[in-house]
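This note's numbering numbers the first residue of the sequence shown as 1 and each following residue consecutively.
Just so you know, the hints here were simulated from the structure itself, not pulled from any lab data.
Since the structure is predicted, the reported quantities are computational estimates derived from the model, not experimental observations.
The C-beta atom is built at its ideal place from N, Cα and C for all residues, glycine as well.
Just so you know, not all the hints are guaranteed correct.
[To be verified] Okay, the calculated beta carbon distance ranges per label pair:
no.: 1; residue 1: THR17; residue 2: SER68; range: 33 to 41 Å
no.: 2; residue 1: THR20; residue 2: VAL59; range: 14 to 22 Å
no.: 3; residue 1: PRO8; residue 2: ARG66; range: 38 to 46 Å
no.: 4; residue 1: THR19; residue 2: CYS72; range: 35 to 43 Å
no.: 5; residue 1: LEU48; residue 2: GLU9; range: 28 to 36 Å
no.: 6; residue 1: HIS4; residue 2: PHE67; range: 38 to 46 Å
no.: 7; residue 1: ARG65; residue 2: GLU9; range: 32 to 40 Å
no.: 8; residue 1: ASP15; residue 2: VAL59; range: 16 to 24 Å
no.: 9; residue 1: ASN10; residue 2: GLN61; range: 31 to 39 Å
no.: 10; residue 1: VAL59; residue 2: VAL11; range: 30 to 38 Å
no.: 11; residue 1: PRO8; residue 2: THR62; range: 13 to 21 Å
no.: 12; residue 1: GLY45; residue 2: GLU9; range: 21 to 29 Å
no.: 13; residue 1: ALA57; residue 2: THR20; range: 15 to 23 Å
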Amino acid sequence: MRAHSLKPENVLLIDDTWTTGHHAQSAVAALKASGAGTVAVVVLGRHLNSTYADTAAHVEQTRLRRFSWDACALRPWSHA
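Working from the sequences, and respecting the hints, build out all of it.
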């Protein structure tokens with residue numbers, strides 16, 4: 001990949017699916033290496049590994065929680 005200089009542009013990176021985060025992290029590193037200012041990542045979907053012990057509990061807790069724009073689905077206690 002060849003990137004043009006992004007100095008001092010801020011970038012919003014949109015990723016379709018988050019599995020491990022490695023692709024997003026690599027993209028952010030490439031953007032920063034090209035001179036980007038702040039890089040924010042928004043993910044549209046999340047892949048959960050059903051073999052992880054905590055996955056079923058996480059899915060059930062999320063399913064029972066009422067949706068709110070003010071609460072993070074992963075860490076609802078982190079936003080007031």
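Tested hints:
About 23 Å separates the C-beta atoms of THR17 and SER68, a value inconsistent with the hinted range of 33 to 41 Å. Against the hinted window of 14 to 22 Å, the Cβ-Cβ separation of THR20 and VAL59 comes to about 18 Å, which satisfies the hint. A C-beta distance of roughly 41 Å is found between PRO8 and ARG66, which places it inside the suggested range of 38 to 46 Å. In this structure, THR19 and CYS72 break the distance hint of 35 to 43 Å, their C-beta atoms being roughly 19 Å apart.
A hinted range of 28 to 36 Å for the beta carbons of LEU48 and GLU9 is consistent with their spacing of about 33 Å. Restraint check, HIS4 to PHE67: a C-beta distance of roughly 40 Å satisfies the suggested window 38 to 46 Å. Separated by about 37 Å at the C-beta atoms, ARG65 and GLU9 satisfy the suggested range of 32 to 40 Å. With their beta carbons about 21 Å apart, ASP15 and VAL59 fall inside the hinted range of 16 to 24 Å.
The given range of 31 to 39 Å is respected by ASN10 and GLN61, whose C-beta atoms sit roughly 34 Å from each other. Between VAL59 and VAL11 the CB atoms are about 32 Å apart, so this pair conforms to the stated range of 30 to 38 Å. Judged by the Cβ atoms, the range 13 to 21 Å given for PRO8 and THR62 is violated: they are separated by roughly 38 Å. Taking the beta carbon of each, GLY45 and GLU9 are about 26 Å apart, inside 21 to 29 Å as hinted.
Here the CB-CB span from ALA57 to THR20 is close to 20 Å, well matched to the stated 15 to 23 Å.
Hints 1, 4 and 11 from the list above are not met by this structure, while the remaining hints are.
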